[in-house]
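**Student:** One letter stands for each residue in the lines below.
2 protein chains.
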Amino acid sequence: MEIRHPYLLFLGDVADALAAKTALGIVDWRPEWCLGQFRLPGCAADAKIPDMTVEEAARAGVKTMVVGAVNAGGVLPDHWVASIVAAIEAGLDVATGLHVKLSDVPAIKAAAEKHGTKLFDVRHTTERFATGKGTKRPGKRLLTVGTDCSVGKKYTALALEKAMRAAGFDADFRATGQTGVFISGRGVAIDAVVADFISGAVEWVSPAAAETHWDVIEGQGSLFHPSFAGVTLGLLHGAQPDAFVVCHETTRTKMRGVQHPLPTIREVIDLTVTCGRLTNPAIRCVGIAINTEHLSEAEARRVIDEAAAFHDLPATDPIRFGMDGIVAEIGKHWGAKGAGQ
Amino acid sequence: MEIRHPYLLFLGDVADALAAKTALGIVDWRPEWCLGQFRLPGCAADAKIPDMTVEEAARAGVKTMVVGAVNAGGVLPDHWVASIVAAIEAGLDVATGLHVKLSDVPAIKAAAEKHGTKLFDVRHTTERFATGKGTKRPGKRLLTVGTDCSVGKKYTALALEKAMRAAGFDADFRATGQTGVFISGRGVAIDAVVADFISGAVEWVSPAAAETHWDVIEGQGSLFHPSFAGVTLGLLHGAQPDAFVVCHETTRTKMRGVQHPLPTIREVIDLTVTCGRLTNPAIRCVGIAINTEHLSEAEARRVIDEAAAFHDLPATDPIRFGMDGIVAEIGKHWGAKGAGQ
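Protein sequence lines correspond, in order, to chains A and B. Position 288, counted from 1, in the first sequence is what the working numbering calls 288; the numbers after and before it change by one each time, with no gaps. In the working numbering, each residue carries its 1-based index in the second sequence increased by 341.
Read the hints as simulated data drawn from the structure, not as lab findings. Incorrect hints may have been included.
List of simulated lysine-lysine pairs, DSS-like, C-alpha gap at most 25 Å [claimed, not checked]:
id : chain 1 : residue 1 : chain 2 : residue 2
1  : A       : 136       : B       : 595
2  : B       : 477       : B       : 673
3  : A       : 133       : B       : 673
Next up, chain A with everything else stripped away, as it sits in the complex:
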């Protein structure tokens, strides 16, 4: 599954920016892939890129319209269907992360067949995975893990890809969630895979590579989240990371959607090492990424310095303070460009 870019981002007529966060995430990380946005009357979101019709997009060279918004209830309203059909008729592929499958909508399916365009349902991969084998693959891997869901694992992985590339590493972000798949053009929404194939799907996402190459793999959930820890463990085993970064958000008191308290960063490091050793005995933590958006600059600095000192690891807020410390830590263990010392 390779989603062709450049993209036209479909925002529909969503009521706020949050409903278009997938589109906004794509623009943040792959602005060069996003030639325009397609908004319907009343749309309250704005990706701050040129508005385009599907015909204008096709003429500009767009290959795929990404439905980067979710309306209330997650359903696909009729007027969105009409827009998707129009995109197909203009010759564009269409990709979504909606729960409903595009090919289950008769008008969309018929249009795609007639015009020979491709439909990508990121939450319903048609890829057939093998079960995970757990054997060590060539190449280096880094995984972002977390004290909870939605604490910045995707953001940290993307920021790390950027910083590692800037430092001369051969590094690629590997997506395991829907927004990440649009940002990288490939990958799999790992939480939508059949349970037997979690680790196998991650082995597919991050295949064997040159020994000096780094895959920076987007983590999901938390080993301590009672709803999703199974996904997190399968992802850890499939990723067989050499290195991992723990992501944390300072103001969270309960884990997302449940009543459980957050684990400590120490607990996450320890259990990740305990479980991760199964497929990579040399696994080690190389840093801590703390989302401090709810703290003042001084408080943020204090929290990060304390975490760094307590764990004897580089700590940062990727947005406020960058990734240099973690990149240096990787260089310390695997050579300046990850190419051995």
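Fit chain B to the given chain A structure using the hints.
**Tutor:** Then chain B, alone, in the frame of chain A:
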């Protein structure tokens, strides 16, 4: 999803008994539900129950024909389709654990619609699960875990249900694999659930119950199996067991299907407690079940006595030596009938 019994077991024309192991497992544990077997010419398996046509089965009161065999390649050959259609025409529901969905076979789908019978694809549940909540539910729960796949977790759970009932406990086996679902008439093949819903599906399998009631939940995989540990962890969190039994097979040198060595029983106990505490802080190991079929009686006794002494827990081979020790251990902690002391 409740599969109605009694059953007619369809064995097809499989080439050996192993290909009919699902049917044989059902007969072992629910002989009173199995009125007959339906075999095609050349069938090399025999469940040792009366051969019946679908019409004879219907007259005898059979409600469901269970396709309890798998032919080479796991596909559904045309002559099996004809037998399934015949069962539907005789008024029977049909249940399978095959990878192919019955309702995807046009002739079967049409017959079921025409005759108003139900099709159960155990590997393709239509039940919609919620994500796991992880909050403690009333009732007691025991989970079987293992050093590997296929080391006797289902057998141990069923033997424990039987022994606990004989000792006066209010105990029910809860199925998480396809054969188990046929044996209990309900449950879910947990490895076929979408990854996000593993623990939620187990919460559905083992719902809130009276405080003196015991669910004996069939485990899957192993926390140390690089292909399936995610399933095992989600199952552990959803089951939130008060008690667990570790299952082991003595002659295994590598984990099933992969190159990894087996963990020790000690490692399985420790990691199960570490991870299981998340949804049940009082989790404890109550015994060890060792499959000694490849050992002599004297060797089996020695291995079991050593394990019991080393771990200070009751150990047994459920087939050779019964479950009395483990039932006594449960009684020691939760009262003679599990009803509190």
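**Student:** Hint by hint, say whether it matches the structure.
**Tutor:** For each hint, the structure was consulted:
Distance check on the hinted pair: residue 136 of chain A and residue 595 of chain B sit about 16 Å apart at the alpha-carbon level, within 25 Å; holds. Distance check on the hinted pair: residue 477 of chain B and residue 673 of chain B sit about 22 Å apart at the alpha-carbon level, within 25 Å; holds. Simply put, residue 133 of chain A and residue 673 of chain B have alpha-carbon atoms about 41 Å apart, too far for the 25 Å limit, and the pair is violated.
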